[in-house]
Amino acid sequence: MGYDLIVIGGGLVGGAIAWGAATKGASVALLDQGDIAYRAARGNFGLVWVQSKGAGMPAYAHWTRTSSELWPDLAGAMAGATGVDVALRQPGGLAFCLSDEEMASRTALLHRMHNESGDIGTRMLGRDEVRSMVPGLGDRVVGASFCPIDGHANPLYLLRALHAALLQHDGAYLPGRTVDAIDAAPHSFTVRCGAERFTCEKLVIAAGLGSRDLAPMVGLSMPVTPLRGQILVTERLRPFLDYATHVIRQTAEGSVMLGDSQEDVGFDTATSAMVMQDIAARNVAVFPALKDASIVRVWAALRVMSPDGFPIYEQSAQYPGAFATTCHSGVTLAGAHALALAPAILAGELPERFAPFSSRRFDVPSA
Amino acid sequence: MFRRLDATPGEIRFTFDGTEQIARPGDSVAVALLAAGEPSLRETPVSGAPRAPYCMMGVCFDCLVEIDGVGNRQACLTPVAEGMQVRRQRGARGVL
Numbered sequence: 001m002g003y004d005l006i007v008i009g010g011g012l013v014g015g016a017i018a019w020g021a022a023t024k025g026a027s028v029a030l031l032d033q034g035d036i037a038y039r040a041a042r043g044n045f046g047l048v049w050v051q052s053k054g055a056g057m058p059a060y061a062h063w064t065r066t067s068s069e070l071w072p073d074l075a076g077a078m079a080g081a082t083g084v085d086v087a088l089r090q091p092g093g094l095a096f097c098l099s100d101e102e103m104a105s106r107t108a109l110l111h112r113m114h115n116e117s118g119d120i121g122t123r124m125l126g127r128d129e130v131r132s133m134v135p136g137l138g139d140r141v142v143g144a145s146f147c148p149i150d151g152h153a154n155p156l157y158l159l160r161a162l163h164a165a166l167l168q169h170d171g172a173y174l175p176g177r178t179v180d181a182i183d184a185a186p187h188s189f190t191v192r193c194g195a196e197r198f199t200c201e202k203l204v205i206a207a208g209l210g211s212r213d214l215a216p217m218v219g220l221s222m223p224v225t226p227l228r229g230q231i232l233v234t235e236r237l238r239p240f241l242d243y244a245t246h247v248i249r250q251t252a253e254g255s256v257m258l259g260d261s262q263e264d265v266g267f268d269t270a271t272s273a274m275v276m277q278d279i280a281a282r283n284v285a286v287f288p289a290l291k292d293a294s295i296v297r298v299w300a301a302l303r304v305m306s307p308d309g310f311p312i313y314e315q316s317a318q319y320p321g322a323f324a325t326t327c328h329s330g331v332t333l334a335g336a337h338a339l340a341l342a343p344a345i346l347a348g349e350l351p352e353r354f355a356p357f358s359s360r361r362f363d364v365p366s367a
Numbered sequence: 001m002f003r004r005l006d007a008t009p010g011e012i013r014f015t016f017d018g019t020e021q022i023a024r025p026g027d028s029v030a031v032a033l034l035a036a037g038e039p040s041l042r043e044t045p046v047s048g049a050p051r052a053p054y055c056m057m058g059v060c061f062d063c064l065v066e067i068d069g070v071g072n073r074q075a076c077l078t079p080v081a082e083g084m085q086v087r088r089q090r091g092a093r094g095v096l
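Chains as they are written, first to last, in the numbering used here: chain A, 1 to 367; chain B, 1 to 96.
Quick caveat, the hints were computed from the structure, so don't treat them as lab data. Keep in mind that this is a model prediction, so the values were computed, not measured. Honestly, I wouldn't trust all of these hints.
Here are the in silico distance ranges between beta carbons for each label pair [unchecked claim]:
1. A:Pro307 with B:Arg88: 53 to 63 angstroms
2. B:Thr44 with A:Asp308: 45 to 55 angstroms
3. A:Glu196 with B:Gly91: 45 to 55 angstroms
All residues carry an ideal CB built from backbone N, CA and C; glycine is no exception.
Build the full structure now, drawing on both the sequences and the hints.
Pasting the structure below:
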């Protein structure tokens, strides 16, 4: 007996697509590797972030907005099906600027995105205006960009809820499976994991950094590479920051997450004191009172990056029925993956809006 | 509720919510306050329920108190010092 759909990769991308398909009545199996996986989903910062996504690729900017709009439905469905509150809040998001140069480059970025992708209400806030919105800012904060539709959520609760909700729709969550090979024919796939065989009509590769090796088995290309990010977490503090920001986020429980480092260090998931010092110093410049907060946890995780940083969505031309899905924004795009991409995959055709996300964009020879 | 096994000589004076307490050398804040008969050291951020030291080894965070004006200090990991001012922590620590 085969499945309508097998999703390889039980992280936020695969989990959202598997659950979204199961709610449409498909028989779905979600193959998950296990604790040896790199699991970007477990290291995520938790932003539902729109304001700076898709500069240079309007289709990505619009896709991100779609996801932001669908997120309340996703959060509601998770709460209804599983009782898990994924702590979605969409009060708007701030990107703080610590110099006039940062203000100028942020202003230019927003101007460019406005022209490329349309107005979503993002605007620059000056020194006084940002202080009227956020208490406790340090003198070095000269302003910020503000986008009214940015938000944040708890990625660990979301992952747990997606897996639990999949089971409620009679989906199969199959952990501890490493895919060794895929036997492919159009609309017919056999996935081999050790001695096990799983067959399906449709196959989604959403295996994060593992996708690079799996995609060619079904005639797809997913040239993703790791980009390390480090995160510091403080003790739980009385709520002082409701807004999402790109470097600091206070969770519903009161913990403060500090982050947004980017390092090209291969598959090294270690933390490093120098990067953590930089993260702490920047955030103490933004909120000086944080100098007294204790750090209780730190970790590093690997973002899944395509060559241009934009997602890849594509159906295999060689083996129709096989789909590539990867991005570095598993939380932000969860709403769209579950409620817009999954139905399109089940229908067997990605609509025109997905054309820009094809991996063929990487085939252009460099000049 | 708690009784000392032996009487270590020496006294360290500190206060808890303004009331003078006497600890023995080597006591943590949690040990000194449990020995003094305090039934709870903090109130939780969510429901305000009382909590007392539990694990006594730095893991459970149920012994959080304010020490010399700094909140979220783990009473079980902090040795008592002469003149220390300890206060019951009510709710989450604020830094702003």
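Taking the hints in turn, this is what the structure says about them:
In this structure, Pro307 (chain A) and Arg88 (chain B) meet the distance hint of 53 to 63 angstroms, their C-beta atoms being roughly 56 angstroms apart. A hinted range of 45 to 55 angstroms holds for the C-beta pair Thr44 (chain B) and Asp308 (chain A), which are about 47 angstroms apart. The beta-carbon spacing between Glu196 (chain A) and Gly91 (chain B), approximately 51 angstroms, falls within the hinted interval of 45 to 55 angstroms.
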